[in-house]
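K.L.:
Sequence:
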Amino acid sequence: DWAMQIPGKPHSEGRNQMIIDMANGEVQDYLIETLSNLLREGNVDYVKWDMNRTMTDVYSPSLPAERQGEAAYRYVTGLYRVLDHIMKAFPEILFEGCASGGNRFDLGALCFFPQIWASDDTDALERVKIQTGYSYGYPLCTMGAHVSGVPNHQTLRITPLSTRFNVAAYGSLGYECNFSDLDSGTLDEIKEQILLYKTYRQLFQYGIFYRTDSIYDNGEAGWMVVSEDRTKAVAMTFQSLVRPNDQRGRLKLRGLDKDALYHLYSLPFKLDIRMFGDLVNAVSPVHIKNGSFAHNMLAKFVKMDGEKEDYKAYGDSLMEGGVMLSPKFSATGFNDKTRVYPDFSSRMYFLEKVD
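The numbering used here applies: residue 1 is where the sequence shown begins, and numbers increase by one.
Keep in mind that the hints were calculated from the coordinates and are not lab data. Just so it is clear, the structure is predicted and the values come from calculations on it, not from any experiment. Hints are not guaranteed to be accurate.
What the hints assert, rightly or not - With a straight-line cut-off of 30 Å between C-alpha atoms, the simulated BS3-like cross-links for lysine-lysine are:
| id | residue 1 | residue 2 |
| --- | --- | --- |
| 1 | K232 | K198 |
| 2 | K258 | K353 |
| 3 | K337 | K289 |
| 4 | K88 | K198 |
| 5 | K129 | K48 |
| 6 | K129 | K191 |
| 7 | K129 | K308 |
| 8 | K308 | K270 |
| 9 | K88 | K191 |
| 10 | K270 | K198 |
| 11 | K308 | K191 |
| 12 | K308 | K232 |
| 13 | K48 | K191 |
| 14 | K353 | K312 |
| 15 | K232 | K353 |
| 16 | K308 | K353 |
| 17 | K300 | K337 |
| 18 | K337 | K312 |
| 19 | K353 | K270 |
Please take these sequences and the hints and turn them into a complete structure.
P.N.:
Printed below as a string of structure tokens:
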């Protein structure tokens, strides 16, 4: 009696489920009472409100035949009534919305959920596209964005951990990795990422967001968040695929105080020598087979410093001319100013107003 179903026709089940009739006031009252008791007794502080069942058999037994055109609408308003009661009764609980991997991202749902899961596709390249699209209509704080394991479950793509974090940081950051499977070096890197995000969380979630490069134009993306008082900013660059001999790159910046002096810098980081494959033999006194035990052991103890960017310039110069970044690696040669930037690489740059 409480399921949506078309009279006289076999019910279409999805995921072995039927759709509860949210247009029915009795159903709404039952859910409000039952969920309130569960949340009250369970010491709950986070709820993900999900629905992955495709809507079919949209016919409400609680409505007369002549009003079935209202069924879908009454379903939604019934859902909103339940959410309204639950959210008001438990303001201390964080509720995150979701449906079908991200398809419930709408202004109506945001009246109740402060954040919504943007997509089950957590691949960094796909998330650049997804979050770029969302940014035209929704603030960053509403986007649930997670760092997940690799190969990615949706695309089987392998992307660097730093890139996965840099993309997910422009939203409500989370992790969905099996930490028990990660080595100590990866766990240490994640700890540093979380500390960095907490330091800049207010800026990432509530700063003024700019798209400085579009992934759809040249395969590269540029994002930037600026504090409302324009004293701080964080910029991010992302590259999908390498273009050979494209050595130079320009960091584009927006939203700064044109008359203010800024300190722009990158954070120090290390490079894994396995990125270079058997090119390591150009400097190694003994031959090292690519992917061998010796290669992996060497990578544990020998780390190479990544490039460093550190400048001071006025806002108008930064916005008009941008910043010419260190040259990319281009088949040969490496020093402390070489930007090793393979497929799916990204960088973060920090700006602070100088008093």
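K.L.:
Evaluate each hint against the coordinates.
P.N.:
So, going through the hints one by one against the coordinates:
Only pairs whose Cα atoms come within 30 Å are accepted, and K232 paired with K198 is accepted, the gap being roughly 15 Å. Between the alpha carbons of K258 and K353 the distance comes to roughly 11 Å, so the proposed pair stays at or under 30 Å and holds. A threshold of 30 Å between alpha carbons decides the hint, and for K337 with K289 the separation of about 27 Å falls inside it, so the pair holds. Taking the CA atoms of K88 and K198, the gap is about 28 Å. The hint holds against a cut of 30 Å.
The hinted pair formed by K129 and K48 meets the criterion: a straight-line CA distance of about 24 Å does not exceed 30 Å. Only pairs whose Cα atoms come within 30 Å are accepted, and K129 paired with K191 is accepted, the gap being roughly 26 Å. Between the alpha carbons of K129 and K308 the distance comes to roughly 28 Å, so the proposed pair stays at or under 30 Å and holds. A distance of roughly 11 Å separates the Cα atoms of K308 and K270; the hinted pair therefore holds under the 30 Å criterion.
The suggested pairing of K88 with K191 is violated, with an alpha-carbon distance near 34 Å, which exceeds 30 Å. In summary, the hint linking K270 to K198 is supported, as the alpha carbons are separated by about 22 Å, within the 30 Å threshold. Distance check on the hinted pair: K308 and K191 sit about 22 Å apart at the alpha-carbon level, within 30 Å; holds. The hinted pair formed by K308 and K232 meets the criterion: a straight-line CA distance of about 19 Å does not exceed 30 Å.
For the suggested pair K48 and K191, the alpha carbons sit about 24 Å apart, so the restraint of at most 30 Å is met. Taking the CA atoms of K353 and K312, the gap is near 10 Å; set against the 30 Å cutoff, the hint holds. Annotation: proposed proximity of K232 to K353 holds, straight-line Cα distance about 6 Å (limit 30 Å). With a C-alpha separation of about 19 Å, the suggested pairing of K308 with K353 holds against the 30 Å cut-off.
The hinted pair formed by K300 and K337 meets the criterion: a straight-line CA distance of about 23 Å does not exceed 30 Å. Restraint check: the Cα-Cα separation between K337 and K312 comes to about 18 Å, which is no more than 30 Å; the hinted pair holds. The straight-line distance between the Cα atoms of K353 and K270 is roughly 27 Å, inside the 30 Å bound, and the hint therefore holds.
The structure fails hint 9 only (numbered hints given earlier).
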